[in-house]
Amino acid sequence: MAATNDEKDWILRSQNGDHEAFEALVRSYQRMIHALTFRMTGSMADAEDLAQETFCQAYSQLASYRAEARFSSWLYRIAVNRCLNWKKRQARRAQLHEDWSSRQETVINPKTVLAQRVQEALLTLNVKQRAAIVLTIYDGMSHAEAARVLGCSETTVSWRVFAARNKLKRWLKTNAHE
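Numbering of the sequence shown is given in numbering that gives the first Met the number 0, commencing with residue 0 and proceeding in unit increments.
Hint data in this document are derived by calculation from the structure and do not stem from the laboratory.
Treat the hints with caution; some may be incorrect.
As the list claims (entries may be wrong) - Calculated pairs, BS3-like style, for lysine-lysine (alpha carbon to alpha carbon, straight line, at most 25 Å): (1) K168 / K127; (2) K166 / K127; (3) K87 / K127.
Hey, can you work out the whole structure from these sequences and the hints?
Set out below in structure tokens:
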């Protein structure tokens, strides 16, 4: 599919710093990129994050786009690379967890068991909710401070903390006797 005149105009305007033109490109390709990242990860939350990272990287590297390939192909390449790097990080994380688990002492300490269960519950949250909980509960930040760190509104942080606490309570209650 050849680039439309509108698309060519959006690309040129975006390269010249027009944020609205880049937003038009994002709207045009966000379903395609999100579908790709979801198929690569199988996780809606990770797919959303990777799609956002794709567009952020595309924006920061827009000057390097030369129209030798279709814009969609260029975006796909960025998204696929993001997904492959994500997979590598996931594999390293899984290996670290496995290594850590195998080194745990065999004596059962109730505090250790509880801490492990809370950590397991945290890992069930999507990354944005987990970040809100970690920053506000574990690191003691106010919702306003966490909002600045996360680049979102204080209301969004409050909502994420509220939703995360509910999910954690349900998970811990459901998995209390395992």
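Outcome of the hint check:
1. K168 / K127: 17 Å, holds
2. K166 / K127: 13 Å, holds
3. K87 / K127: 20 Å, holds
When each numbered hint is compared with the structure, no violation occurs for any of them.
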